[in-house]
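Visitor: These protein sequence lines map, in sequence, to chains A and B.
So that you can map any letter, position 252 of the first sequence is 251 in numbering that gives the first Met the number 0, and since no number is skipped, the others follow by simple counting.
So that you can map any letter, position 25 of the second sequence is 24 in numbering that gives the first Met the number 0, and since no number is skipped, the others follow by simple counting.
Fair warning: there could be bad hints in the mix.
Claimed, not checked - Some chain A residues close to chain B (C-beta under 10 Å, calculated; not the full set): (1) N191; (2) Y220; (3) G232; (4) E274; (5) G279; (6) L294.
Said to hold, decoys possible - Per label pair, the in silico range of CB-to-CB distance: (7) F237/A - R104/B: 17 to 27 Å; (8) P298/A - M81/B: 32 to 42 Å; (9) S82/B - P298/A: 54 to 64 Å; (10) G217/A - R77/B: 49 to 59 Å; (11) D51/A - S82/B: 56 to 66 Å; (12) P298/A - E84/B: 35 to 45 Å.
Since the hints were made in silico from the structure, they are not lab data.
We put the beta carbon where it would ideally sit given N, CA and C, even for glycine.
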Amino acid sequence: MLETMLSRHGRQVFHFSCRPAILLVLVFFLGGCSALDLSGKTTGRSFPPITDSPTRGYHYGKFVWADLITPDVARAKTFYGGLFGWTFSQYDRYTMVINNGKRMAGIVNIAPASEKRPQPLWLPVMSVADVDKAAAFVRHHGGRILKGPLDMRGRGRAALVQDPQGAELVILHAATGDPADGKPRIGDWIWNEIWTNVPEKTAAFYSPLGNYTSMKVGDAYEILLSENRWRAGIRFIFKDPYKVRWVLAVRVADPARILTRVKKLGGTVLLRPDEPPSNGDTALIADPDGALLMLQRWPVDTTEDVQ
Amino acid sequence: MIMGRFWWLVTMVTGTGIILVLAGCSGGGYSIYSGYGYPRYGYDLGYHYYHDHDDYYEDRYEHRQEVVLQRREERADRIRNMSPEQRQHLSNRLQQTRPQRLERRQVRRANRPVRNMGRPRPAVRRR
Numbered sequence: 000m001l002e003t004m005l006s007r008h009g010r011q012v013f014h015f016s017c018r019p020a021i022l023l024v025l026v027f028f029l030g031g032c033s034a035l036d037l038s039g040k041t042t043g044r045s046f047p048p049i050t051d052s053p054t055r056g057y058h059y060g061k062f063v064w065a066d067l068i069t070p071d072v073a074r075a076k077t078f079y080g081g082l083f084g085w086t087f088s089q090y091d092r093y094t095m096v097i098n099n100g101k102r103m104a105g106i107v108n109i110a111p112a113s114e115k116r117p118q119p120l121w122l123p124v125m126s127v128a129d130v131d132k133a134a135a136f137v138r139h140h141g142g143r144i145l146k147g148p149l150d151m152r153g154r155g156r157a158a159l160v161q162d163p164q165g166a167e168l169v170i171l172h173a174a175t176g177d178p179a180d181g182k183p184r185i186g187d188w189i190w191n192e193i194w195t196n197v198p199e200k201t202a203a204f205y206s207p208l209g210n211y212t213s214m215k216v217g218d219a220y221e222i223l224l225s226e227n228r229w230r231a232g233i234r235f236i237f238k239d240p241y242k243v244r245w246v247l248a249v250r251v252a253d254p255a256r257i258l259t260r261v262k263k264l265g266g267t268v269l270l271r272p273d274e275p276p277s278n279g280d281t282a283l284i285a286d287p288d289g290a291l292l293m294l295q296r297w298p299v300d301t302t303e304d305v306q
Numbered sequence: 000m001i002m003g004r005f006w007w008l009v010t011m012v013t014g015t016g017i018i019l020v021l022a023g024c025s026g027g028g029y030s031i032y033s034g035y036g037y038p039r040y041g042y043d044l045g046y047h048y049y050h051d052h053d054d055y056y057e058d059r060y061e062h063r064q065e066v067v068l069q070r071r072e073e074r075a076d077r078i079r080n081m082s083p084e085q086r087q088h089l090s091n092r093l094q095q096t097r098p099q100r101l102e103r104r105q106v107r108r109a110n111r112p113v114r115n116m117g118r119p120r121p122a123v124r125r126r
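Extracted from the complex, chain B is given alone in its bound form:
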């Protein structure tokens, strides 16, 4: 009996619901991802898996691939040509956080021998 009296209301609510669901599925413009199709979204996610910007650009800008490869070779050469001390220094450095590096630098500066023997150079007067 109730259904018979309010059939028009049930029809309106159900119809509006169906229209809204259809609009949402078609990417109608309310989602944060609206306007982005799946391939683009997936590509941007892929960027986060790269730690090296060169590699990122390598994928993104294929026309720079030669430059990127050359840089990678140079970097490898540099490391290969390092003395054991330099290699150790690099290794230590990569294992340090930035605050640790800054602290070590300050300690080095404080311990640096002072070169203060003899008449100062005239340049100091211009300070």
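Chain A on its own, in the form it takes in the complex:
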């Protein structure tokens, strides 16, 4: 094929013995191009896309991914693998979490004594149409940009931000599109909620960011909707033992029963389902390194689509 490309109109341009050298030059040239930082701001490593196959569809405002920031990836894998049956796939230094054959999260290593992020946590990833504009919005409305916006090769353009009250999250425009809306299976994400003691301010900040409409549920909860689907919740915390933060929920069959496994695997049970403020179907746990996570039972026969 190369010979055909180089010989136009049947005329031999290069001698046959030159071909290996040309091949080598081409290989190096292409390799150099791929390593070149063309955008000006690109991460050196590549990341796995958030969907198994490209969807090219976007659901702005939806929480499409989550990353666990932890100092001990091996311990996290043992804990979450034993608790939910998650499996893991290694991408360079990034660990991808798979539930029932479907990718759903990632695990990122941080130094144990890192002052920047002293506490391990689950970071929710929100889909936005334009990361740069969203980051500018965050900055303009009292939030902070902790990193980015930058192109994460293979993943998309992203930024790690902090809202005005201090809750951290990632905003992302995925390269391959967002995962389609569907019903969560056991072990999948079922909910994201932000705990805040200033719910009005929180709603005022996130509504334009995710293009949400909102719906109040009682005095102490507000649901954020986009595309007429429930995307996240704003939970009013009267007292603030856990600081303002995003908390993610995994769907489980029975939160009370799984708690015994949490203890066996080295985690901590912070709230049982029968303890308020749990609504009877939720439990709050911390993994062995202290990252908070909610477990929630969800009716199997519900007709409601989630995320």
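With chain A fixed as given, assemble chain B onto it according to the hints.
Guide: Just chain B now, with coordinates in the frame of chain A:
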């Protein structure tokens, strides 16, 4: 002399007075108690001395006496089987007026822990 001239007037006035007094005494229909004889009146007065409706009905409807006694036994059993806390609660409750009870209920509701962690159940959408 005057008496001699108006004897007929004195006789008419006195006679009318006597007739009216006699009519009143016979329960002729102008008193608020007209139509009620003494025994009935006295019985109704007796009702006001009872604080318990069951007891009232017990007297009034003798055929329900068994039911009334059974209820009284059940009530006594309930109180007997109460825990000390429940008995104290009942005692406190009986010592309170209705506005006091309502106020306490409102305070309890306000202090009730909010169960708002996690995705709300789908039922809230139907509200």
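Visitor: Does each hint hold? Answer for all of them.
Guide: For each hint, the structure was consulted:
Taking 10 Å as the C-beta cut-off, the interface hint given for N191/A holds, the closest approach to chain B being about 9 Å. Satisfaction of the interface hint for Y220/A is found here, the shortest Cβ-Cβ separation to chain B being roughly 5 Å, below the 10 Å cut-off. Taking 10 Å as the C-beta cut-off, the interface hint given for G232/A holds, the closest approach to chain B being about 7 Å. Given the 10 Å rule on beta carbons, the hint for E274/A holds: about 9 Å separates it from the nearest Cβ of chain B.
Against a cut-off of 10 Å between C-beta atoms, the interface hint on G279/A holds, since the closest Cβ of chain B lies about 7 Å away. With its C-beta approaching chain B no nearer than about 9 Å, L294/A sits inside the 10 Å limit, and its interface hint holds. The hinted window of 17 to 27 Å between F237/A and R104/B holds, with their beta carbons roughly 21 Å apart. Range check, P298/A to M81/B: about 38 Å between beta-carbon atoms, so the 32 to 42 Å window is met.
Take S82/B and P298/A: their Cβ atoms lie about 36 Å apart, and the range 54 to 64 Å is violated. Between G217/A and R77/B, the C-beta spacing of about 35 Å breaks the proposed range 49 to 59 Å. Between D51/A and S82/B the C-beta distance comes to about 59 Å, which sits within the given range of 56 to 66 Å. Checked against the hint of 35 to 45 Å, the pair P298/A and E84/B passes, with Cβ atoms roughly 36 Å apart.
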